[in-house]
Amino acid sequence: MALKLFNTLTRSVQEFKPLDAGGKKVGMYCCGPTVYDFAHIGNWRTFVFADLVRRTLEFSGNDVTHVMNITDVEDKIIKRVRETQTTLREFTGKFEAAFLDDLKALGCREPHQKPRATESIAEIIALIEKLIARGIAYQANDGSVYFSIAKYQGCGCHYGQLLKLNLDEMRAGERVASDEYEKESIADFALWKARVPDDGDVFWPSPFGAGRPGWHIECSAMSIKALGETFDLHLGGEDLKFPHHEDEIAQSEGATGKPFVKFWLHGAHLLVEGRKMSKSLGNFFTLRDLLAKGFTGREVRYLLLTAHYRETFNFTLDGLHGAKTALARIDECVGKLRELAGGVTAAPESGLPEQFSAALADDLNISAAWGAVFKWVSAANKRLAENSMNAPAAAAALAAWEKVDSVLGVGVNSEAEIPAEISALAAERTAAKKAKDFKRADAIRDELKAKGWVIEDTPKGIKLKKN
RNA sequence: GGCGGGGUAGCCAAGUGGUAAGGCAGGGCUCUGCAAAAGCCUCAUCCGUCGGUUCGAUUCCGACCCUCGCCUCCA
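Take the working numbering: the last position of the first sequence gets the number 526, and nothing is skipped along the way.
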């Protein structure tokens, strides 16, 4: 089924067709983290969204090259490096590692390439030189190099592709003192920031003098290097549309004279407990905060994947509890199927995979996709309860689930190892029950519960689950 | 001020010009020594308000109210 996606460039849902003549290869770039702190749950929504896009493409048989940059030089980073008296690499390395750990905990497939801004300085400089040569960039009296929107537009290029812009009515940013700049026009943006004393050791030599790259240029340089001057998909959070992505387009198209990206995808933000996330409201969570509360990465992933990517989503702790229960329902069903299937394998049964992929093909309608999953769970449970399923049927159902889970990525909870102490207690309880010593049996049940294990009596005997 | 999203059950969230998916919570039942767990069943005369178009609107149009985002730090 043809995948349709909302392209910010055209502001419409369009069929996605790879640029690749073979129709298989897809180049996808997602703006990655600025490693100055732990990423928060809002950031994670975007990265999980990117993972969904990638997995959906792979599910459809595409060969995706997923590139995600690591922004490891930037104002906030430099400030903190100075404050904490460390080196740039030491400081950013810590948060980069934490980011990748978290990404893994959330079940995201690792991007094929993760270029660092600091290791792409040569490409960045080359791109700036190209822009200067074409007369679109200029060096100001402060030593910094800026991109000229006016010159760019003078070349017949269009600034404002991702949103309607009215440059005359644009307000100057309140946090940026305009006298700090020597730009020709307020809308111009920095490509290369000249070194200032506060930068400390953070600077690189360049034909324009010592300094460091501006924010937007790194993404143009790295994405072009990895994916070519024109590539398929570029995604990020909706706040990046302007100025970041708009400026990326301007720099890239200004330098290459070619269309930069075919499809721009933007993920909406989230609210936490119904409010905009903020540290003062106490609703600002990193993944680590949530793990510390006893939730798992897959539960967070599930919750982040319950709403459509273009809608603001309300992330709540209550919802996270619901996610735990909902996943347990799937786990229970899949566990029973696995048990019944034994070692038997089979081709996926039809129904679920078709409904699931039809939902995703419709601009990633993940809610409808989950709807199909839970209807399937319901039906499977019924067949299981009726004993109307044999091993091959269970294997086929299981294969269908595994197929859709290659996109959902929530997997199945791996059965926890049961410690000897726990299974001994369970055996003791079974014996007590048999002897009709229910008082003793219940005491053991409570003891197990206190140790974090729930004992279930099923028609086939007891089952132990980690709580 | 400019531009752009939203308002669907207690909560979260899909969706359609023809009478409201799914999840969580709640209620009932089955199972059980009792529980728990699990499973099954149930749970919106109604989709922000007011008008309009229509045989028919939650879905289209208009106005209004509320809310969120972007406007050069920002996922």
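None of these hints come from the bench; they were simulated from the model.
Please note: incorrect hints may appear among the correct ones.
To be verified - Below, a list of computed lysine-lysine pairs in the PhoX-like style, where the Cα atoms sit at most 25 Å apart: (1) K510 to K492; (2) K138 to K163; (3) K84 to K63; (4) K492 to K352; (5) K352 to K63; (6) K352 to K495; (7) K383 to K83; (8) K63 to K508; (9) K300 to K352; (10) K519 to K495; (11) K284 to K383; (12) K83 to K173; (13) K335 to K173; (14) K441 to K352; (15) K321 to K210; (16) K383 to K210; (17) K76 to K352.
What the hints assert, rightly or not - Label pairs and their computed distance ranges (CB to CB): (18) T146 to E188: 39 to 45 Å; (19) D421 to K498: 40 to 46 Å; (20) R168 to T371: 40 to 46 Å; (21) E445 to G82: 24 to 30 Å; (22) R334 to G287: 38 to 44 Å; (23) K508 to E142: 54 to 60 Å.
No residue lacks a Cβ here, since even glycine has one placed at the ideal position from N, Cα and C.
For each hint, the structure was consulted:
| no. | hint | in the structure |
| --- | --- | --- |
| 1 | K510 to K492 | 20 Å, holds |
| 2 | K138 to K163 | 29 Å, violated |
| 3 | K84 to K63 | 17 Å, holds |
| 4 | K492 to K352 | 35 Å, violated |
| 5 | K352 to K63 | 38 Å, violated |
| 6 | K352 to K495 | 39 Å, violated |
| 7 | K383 to K83 | 36 Å, violated |
| 8 | K63 to K508 | 48 Å, violated |
| 9 | K300 to K352 | 34 Å, violated |
| 10 | K519 to K495 | 19 Å, holds |
| 11 | K284 to K383 | 41 Å, violated |
| 12 | K83 to K173 | 22 Å, holds |
| 13 | K335 to K173 | 30 Å, violated |
| 14 | K441 to K352 | 34 Å, violated |
| 15 | K321 to K210 | 24 Å, holds |
| 16 | K383 to K210 | 55 Å, violated |
| 17 | K76 to K352 | 43 Å, violated |
| 18 | T146 to E188: 39 to 45 Å | 28 Å, violated |
| 19 | D421 to K498: 40 to 46 Å | 58 Å, violated |
| 20 | R168 to T371: 40 to 46 Å | 26 Å, violated |
| 21 | E445 to G82: 24 to 30 Å | 44 Å, violated |
| 22 | R334 to G287: 38 to 44 Å | 42 Å, holds |
| 23 | K508 to E142: 54 to 60 Å | 47 Å, violated |
The structure does not agree with the numbered hints 2, 4, 5, 6, 7, 8, 9, 11, 13, 14, 16, 17, 18, 19, 20, 21 and 23 stated previously, though it agrees with the rest.
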